[in-house]
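Asker: Residues per chain, in single letters:
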Amino acid sequence: MGNFKISGLILRSLFRRPATSGYPAVPKEWGERTRGRIEIDAPECILCGTCARKCPTEALVVSKAEATWEIDRMRCVQCGHCVEICPKKCLRMAKEYTAPGYEGRTDLIEIPVAKKKTSDDGI
Amino acid sequence: MRGVNDLGKRTVIPFGPQHPILPEPVHLDLVIEDEKVIEAIPSIGFIHRGLEKLAEVREYPEMVYVIERICGICSFGHGLGYVTAVEGLMGVEVPERADYLRTMWHEMSRIHSHMLWLGLTADSFGFESLFMHTWKVRERIMNMFDLTTGGRVIHSVCKVGGVRKDVGGEMLERIASEVRDIRKETKELTKVFLNDTSVKNRLCGVGILSEDDARDLCAVGPVARASGINQDLRLNGMCKYGELGFEPVTGKSGDCYARCKVRILELGQSLDMVEKITSVLPDGPVEVPVKGPLPTGEFMMRLEQPRGEAFYYVKGNGTKHLERMRVRTPTNMNLPSMVRMLQGCDLADVPVIILTIDPCISCTER
Amino acid sequence: MRCNYRVQNFEEIETGDLIGRVREFKTEGYRMCQICASNVEGGTEVLYSFDKDLELFNIRVTVRPGEKLESITGAYWPAFIYENETHDLFGIEFTDSRLDYGGKFFRLSKPTPWLSKDEGGE
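Order-wise, the sequence lines are chains A, B and C. Using this note's numbering, you'd call the opening residue of the first sequence number 1 and step up by one each time. Using this note's numbering, you'd call the opening residue of the second sequence number 1001 and step up by one each time. Using this note's numbering, you'd call the opening residue of the third sequence number 2001 and step up by one each time.
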């Protein structure tokens, strides 16, 4: 029993640097494995749509006809399942989070299909 | 029997779902007589999400990411419970190293959950500096999660057949050294929780749940253990608790102080277990490919989460989707005990008592 | 290790025998763990789980449409949470409940959302 058991701790923290950092003036250090956001290596993508089918939150839309890969940043929960199952390994997890904003953000990425066209021409 | 004239003294005070001390949407109708609570009727159901139903449209390997998001605090436990249930259904044996890593993460999540609880309890009886200091220490374990799994809160490391990420030697050393620091810092904090007069005044003898009541009301987890029931699901053969020589902690008095003490002792135990795992982790693969027929049959599985016993029931029908998936969370089972504890307490102690069962209504309503 | 979580005990009983079996569990000192309902062919299946010394025991009853179940809240009061939940989501009626929320346990946009379509759900 006793009073003021915490006073030692409080006195010490009074003369210490703050435990928090001065974000955003001091930039955040991202961890080596931090799951921030999904990035795509567009030329590698074959528009198979596996990522869109397996996404638990339906954040991805892949259109074969329009050759686009679309991600709803606000729906994506960064589980990294698409990165794991992508047959061409063209998706990757970037460390930085999507910047905060006032509105929802959807990124539309056009997939170059030049490679495929040449093979069609060949036939 | 009470006469008609006595009725005037009774007041019904609505408590929650929005309350400064309680970040959880639970509503209580408190029947008050002269500052004493006579009866409490809980009502939940403000945020029922029906995640169990989602198992019928998501394939079983992806469902784990949904299950993990039932709750932010016991996220790892939910993921672990679900994958173990599906592994039981399909007869998958996970490699030794994966099992040890799961045990380590599960214990780390217990540390962070108990620290969160200690902080919130300090906050509930108005000890703000203790709250801040507890959460400062908790931040260290969150950083360890970020380092090893890539997520501070939602870890997404469990998968059917093992774990998704391996933890190398350098990381293990960092965890071990961090655990030693945390132990030093928590020692100082627990001294305040267990010995300070102002804290004891708010916790000792408040919200008593006797052993018989705890049995009758089917209490689980630290609430049951604080009332003297030796019941810990970590002894049911899952993960590596047997190899780590784990024995449950129990209290005696069943009041808020006993619940606080049980959690503090468990915290130390978990720190010891994490440190031990960093030195005994065997080499080998961390996952096995899941082959064979799609899940059929049914499997009932439970595990000890930081808040108590959690249930996972899975029923397969030979497709990639589960036919029924059921999660029963510890708070579900502790709500009746909370109602009993509230009977006869002072109105001012209501927030403290509610917090000592460590309620998670978001878990409860899945 | 004191027991193995992979051992599964399921026992099927008739709806009429339920309350007697539950009272047996109560006298033997079992702890009620949970009640879980799921849709099966020709009705709804309700699973009751009981635990003693970390050994789990499940009993299963199948409720046909229109049939009522006797509430076990007389033996195990905490069962009110699951019975009200099952009532709200699957539409199973429980008789003689000690704490009945009258279908207001969950705030739902439509009644019995989890009952399968064959059994009269939406």
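Be a bit skeptical, because a hint or two may be false.
Said to hold, decoys possible - Think about it this way: if two alpha-carbon atoms lie no more than 27 Å apart in a straight line, the pair counts; the simulated DSSO-like pairs of lysine-lysine are:
no., chain 1, residue 1, chain 2, residue 2
1, B, 1187, A, 5
2, B, 1165, A, 28
3, B, 1184, A, 5
4, B, 1165, A, 5
5, B, 1200, B, 1187
Keep in mind the hints are simulated off the structure, nothing from the lab.
Asker: It remains to establish, for every hint, whether it holds in the given structure.
Answerer: Okay, the hints, checked on the actual structure:
no.	hint	verdict
1	B:1187 <-> A:5	12 Å, holds
2	B:1165 <-> A:28	23 Å, holds
3	B:1184 <-> A:5	16 Å, holds
4	B:1165 <-> A:5	42 Å, violated
5	B:1200 <-> B:1187	17 Å, holds
Hint compliance for this structure: hint 4 alone is broken.
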